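S.K.: These are the residues of each chain, in order.
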Amino acid sequence: MDIDIASFGALVVIDEHSHRVELRSLWQQHSAVIVFVRHFG
Amino acid sequence: MFCRQQVAELATHHSDFGIKDGNLAIIGSGKPDQLPPLRAATGYSGTLLTDPQRETYGFLGLNRSIGGVIGLKMVTRAVQSIASGYRPGPLQGDALQLGGAITITADNRVTYFFKSTGAGEHPPVAELLASLDQA
Numbered sequence: 306m307d308i309d310i311a312s313f314g315a316l317v318v319i320d321e322h323s324h325r326v327e328l329r330s331l332w333q334q335h336s337a338v339i340v341f342v343r344h345f346g
Numbered sequence: 006m007f008c009r010q011q012v013a014e015l016a017t018h019h020s021d022f023g024i025k026d027g028n029l030a031i032i033g034s035g036k037p038d039q040l041p042p043l044r045a046a047t048g049y050s051g052t053l054l055t056d057p058q059r060e061t062y063g064f065l066g067l068n069r070s071i072g073g074v075i076g077l078k079m080v081t082r083a084v085q086s087i088a089s090g091y092r093p094g095p096l097q098g099d100a101l102q103l104g105g106a107i108t109i110t111a112d113n114r115v116t117y118f119f120k121s122t123g124a125g126e127h128p129p130v131a132e133l134l135a136s137l138d139q140a
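In the order they appear, the protein sequences are chains G and E. Residues 306 to 346 in our numbering are what the first sequence spells out, letter by letter. Residues 6 to 140 in our numbering are what the second sequence spells out, letter by letter.
Just so you know, the hints here were simulated from the structure itself, not pulled from any lab data. Here the structure is a predicted model, which means the values were calculated and not measured. Each hint should be verified, as a subset may be incorrect.
Derived DEER-like restraints, expressed as beta-carbon distance ranges [claimed, not checked]:
| # | chain 1 | residue 1 | chain 2 | residue 2 | range |
| --- | --- | --- | --- | --- | --- |
| 1 | E | ALA131 | G | SER323 | 33 to 41 angstroms |
| 2 | G | ALA311 | E | ARG69 | 23 to 31 angstroms |
| 3 | G | ASP307 | E | SER20 | 30 to 38 angstroms |
| 4 | G | ASP320 | E | GLY48 | 14 to 22 angstroms |
Covered stretches of chain E (chain G as the covering partner; in silico rule of three or more C-beta atoms under 8 angstroms from a C-beta of chain G) [as the list claims (entries may be wrong)]:
| # | stretch |
| --- | --- |
| 5 | 10-24 |
| 6 | 53-60 |
Where a beta carbon is used, it is the ideal one built from N, C-alpha and C, also for glycine.
Put together the whole structure using the sequences plus the hints.
M.R.: This is how it looks when you write it as structure tokens:
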């Protein structure tokens, strides 16, 4: 699967303090393993 | 219940990702105020985020279907999960959304990609850790 990492990295998620976090910040310094869970239940 | 079980399993391996210079992050689709209770229930202390609009899920083409969350396999996994001590909590997020995983290196290479095809089907922790060996 071809993934446009630049576009993916520009997406924004939210932390528990409701702060916006740009995805690319997760792999700026080290490799990131990002796990997407179904839901929080 | 599958989610809590998955996060709790990742919590027990959190330090292993750090040893390999990897940054483990978990993303869900609930509300931000649902993150602290998930931490408390699972003991996970790493990066925990949410994407209520599920833009990231959509971008990666992660599956979302009713067929993925009902069926014999799901029932079997639910029984196994309950037998392991995990009870279902209140639903917090999109009930039809399935999960996945991706590993991205600091030079923007993808070394691992996983799309769940059913509830309770998680990326094996060993595969996630191995994806860091290609960094």
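S.K.: Look at each hint and say if it fits the structure.
M.R.: Verification of the hints:
1. ALA131/E x SER323/G: 33 to 41 angstroms: Given range 33 to 41 angstroms: holds, Cβ gap about 34 angstroms.
2. ALA311/G x ARG69/E: 23 to 31 angstroms: 24 angstroms, holds
3. ASP307/G x SER20/E: 30 to 38 angstroms: Between ASP307/G and SER20/E, where Cβ atoms are some 33 angstroms apart, the hint holds.
4. ASP320/G x GLY48/E: 14 to 22 angstroms: 18 angstroms Cβ-Cβ, so the 14 to 22 angstroms window holds.
5. 10-24: Holds: 4 residues of the stretch 10-24 of chain E have a Cβ under 8 angstroms from chain G.
6. 53-60: Three-residue rule met by the stretch 53-60 of chain E, so holds; n is 6.
Hint compliance for this structure: every hint is met.
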